[in-house]
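Trainee: Using the sequences plus the hints, can you model the full thing?
Heads up: the sequence shown at position 210 corresponds to 215 in the working numbering, and the numbers run straight through without jumps.
Keep in mind the hints are simulated off the structure, nothing from the lab. One or more of the hints may lead you astray.
Claimed, not checked - List time: in silico DMTMM-like cross-link candidates among lysine to aspartate or glutamate, alpha-carbon distance up to 20 Å:
hint, residue 1, residue 2
1, K225, D240
2, K221, D38
3, K41, E187
4, K122, D100
5, K145, E165
6, K89, D199
7, K96, E118
8, K145, E181
9, K41, E223
10, K220, E249
11, K55, E165
12, K225, D241
13, K225, D199
14, K184, E130
15, K145, D171
16, K41, D80
17, K220, E130
18, K55, D80
19, K89, D100
20, K188, E118
21, K122, E187
22, K119, E157
23, K145, D100
24, K55, E223
25, K215, E187
26, K19, E34
27, K215, E256
28, K89, E165
29, K89, D171
30, K221, D80
31, K221, E249
32, K96, E130
33, K159, E249
34, K184, D208
35, K14, E34
Claimed, not checked - Label pairs and their in silico Cβ distance ranges:
hint, residue 1, residue 2, range
36, S141, N25, 20 to 30 Å
37, K248, H198, 16 to 26 Å
38, E133, H70, 39 to 49 Å
39, S81, K225, 25 to 35 Å
40, S135, K89, 14 to 24 Å
Nothing here was measured: the structure is a model prediction, and the numbers come from that model. The beta carbon of each residue, even a glycine, is placed where N, CA and C say it ideally should be.
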Amino acid sequence: MIKDSLLVKIENLKFSYSANNKKIEVIREFNLDVYKNEFIAIVGPSGCGKSTLLNLIAGLLKPDHGNIELYNKNDSFFGYLFQKDTLLPWKTVYDNIAFPLTIRKYSKYEINEKVTKWIQLIGLEGFENSYTGQISQGMKKRVALAAALIYEPKIVLMDEPFSALDILTRETIENEVLKIWEKLKTTIIFVTHDLPEAIALSDRVVILTKLPAIKKTEYKINLPRPRNLVGISQDDEFHTIYKEIWTIFVEEVSIES
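Mentor: Pasting the structure below:
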């Protein structure tokens, strides 16, 4: 990676919180460089601080020590797709997707043009005027995805966004995410506890240790693109990579249990 493509540089990051008069160290001496157009997956034992790390990167939490340098930051630098939907139930599908543009003062013409495009892109034609309580979980996730990407942020943070979906809906939306990412060439940092998902989607898998989390290692995924999740999971190289990463990953899972 060339220096000019660097988007985020994380150095010696530390974070802790207090609970029951005790200091709980969550992140310890974490380092990571994030580049343009990357798809990075972050995996680790349950409760190891993966979501906390995303919130630190987004600036929602303040580190105890260390530095997070954002290069060429602007008002549309981050998009965030959470595990739980943050859609506004009193707004329609159209208005939920439009909301990030509305608060950024886009014109009505620009909003209509972009929202119409994204509704077609995510396959929700005919549901523009439906409220979120009237659509399925998979549709809600598509709406949330469109709202996170419609203003074309440089980095999209995704915190186990598809874990609550059934397997068929999940794989369908994951394939759509790959197609959109390949088109937009934004950077995605994707937290998941699902190792096959991490391998199938990403360019790099970053493995965290149990608490306090440090970067145990990272693994470059050289599987060809464009990818189809069903096809790639049948590839011999996929299984070779899975076995190699699982050997590293299971050390932390075993220690935790």
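Trainee: All hints are to be evaluated individually against the structure, with a verdict given for each.
Mentor: The hints, checked one at a time:
With a C-alpha separation of about 17 Å, the suggested pair K225 and D240 falls inside the 20 Å cut-off, and the hint holds. Between K221 and D38 the alpha-carbon distance is near 15 Å, which keeps this suggested pair within the 20 Å criterion. Annotation: proposed proximity of K41 to E187 holds, straight-line Cα distance about 12 Å (limit 20 Å). Taken as a hint, the K122 and D100 pair is honoured in the structure, with Cα atoms around 14 Å apart against an allowance of 20 Å.
The hinted pair formed by K145 and E165 meets the criterion: a straight-line CA distance of about 15 Å does not exceed 20 Å. For the hint linking K89 to D199, the alpha-carbon distance of about 17 Å falls within 20 Å, and the restraint holds. The suggested pairing of K96 with E118 holds, with an alpha-carbon distance near 19 Å, which does not exceed 20 Å. Between K145 and E181, the direct Cα distance comes to roughly 14 Å. Compliance with the 20 Å bound is thereby established for this hinted pair.
Straight-line distance between C-alpha atoms of K41 and E223 comes to about 17 Å, which keeps the hinted pair within the 20 Å bound. For a cut-off of 20 Å, the pair hint linking K220 to E249 stands: about 17 Å separates their Cα positions. For the hint linking K55 to E165, the alpha-carbon distance of about 10 Å falls within 20 Å, and the restraint holds. Taking the CA atoms of K225 and D241, the gap is about 16 Å. The hint holds against a cut of 20 Å.
About 17 Å separates the Cα atoms of K225 and D199, which keeps this hinted pair within 20 Å; it holds. This hinted pair checks out: K184 and E130 have alpha carbons roughly 19 Å apart, not beyond 20 Å. Proposed proximity of K145 and D171 is supported: the alpha carbons are some 13 Å apart, at most 20 Å. At roughly 17 Å between alpha-carbon atoms, K41 and D80 fall within 20 Å of each other, so this suggested pair holds.
Between K220 and E130, the direct Cα distance comes to roughly 43 Å. Violation of the 20 Å bound is thereby established for this hinted pair. Our distance criterion of 20 Å between C-alpha atoms is broken by K55 and D80, whose separation comes to about 24 Å. For the hint pairing K89 with D100, the CA-to-CA distance comes to about 19 Å; that is within 20 Å, so the pair holds. Note on K188 and E118: the hinted pairing holds, with a Cα-Cα distance of about 18 Å set against a maximum of 20 Å.
A threshold of 20 Å between alpha carbons decides the hint, and for K122 with E187 the separation of about 17 Å falls inside it, so the pair holds. Distance check on the hinted pair: K119 and E157 sit about 11 Å apart at the alpha-carbon level, within 20 Å; holds. Distance restraint check for K145 and D100: the Cα-Cα separation of roughly 13 Å lies within the 20 Å cut-off, and the hinted pair is therefore satisfied. Distance hint between K55 and E223 is fulfilled; the C-alpha atoms sit about 14 Å from each other, no more than 20 Å.
At most 20 Å may separate the alpha-carbon atoms for a hinted pair to count; K215 and E187 exceed this at roughly 32 Å. Our distance criterion of 20 Å between C-alpha atoms is met by K19 and E34, whose separation comes to about 6 Å. Our distance criterion of 20 Å between C-alpha atoms is met by K215 and E256, whose separation comes to about 10 Å. Taken as a hint, the K89 and E165 pair is honoured in the structure, with Cα atoms around 9 Å apart against an allowance of 20 Å.
With a CA separation close to 15 Å, the supplied pair K89 and D171 stays within the 20 Å bound. Between K221 and D80 the CA atoms are separated by roughly 32 Å; this puts the pair beyond 20 Å, and the hint is violated. For a cut-off of 20 Å, the pair hint linking K221 to E249 stands: about 14 Å separates their Cα positions. About 17 Å separates the Cα atoms of K96 and E130, which keeps this hinted pair within 20 Å; it holds.
Note on K159 and E249: the hinted pairing is violated, with a Cα-Cα distance of about 31 Å set against a maximum of 20 Å. This hinted pair checks out: K184 and D208 have alpha carbons roughly 15 Å apart, not beyond 20 Å. About 13 Å separates the Cα atoms of K14 and E34, which keeps this hinted pair within 20 Å; it holds. Between S141 and N25 the beta carbon distance is about 41 Å. The supplied range of 20 to 30 Å is therefore violated.
A C-beta distance of roughly 18 Å is found between K248 and H198, which places it inside the suggested range of 16 to 26 Å. Between E133 and H70 the beta carbon distance is about 47 Å. The supplied range of 39 to 49 Å therefore holds. At roughly 29 Å, the beta carbons of S81 and K225 sit within the given window of 25 to 35 Å. For the pair S135 and K89, the supplied restraint of 14 to 24 Å holds, since their beta-carbon distance comes to about 20 Å.
Checked against the numbered hints above, the structure violates hints 17, 18, 25, 30, 33, 36; every other hint is satisfied.
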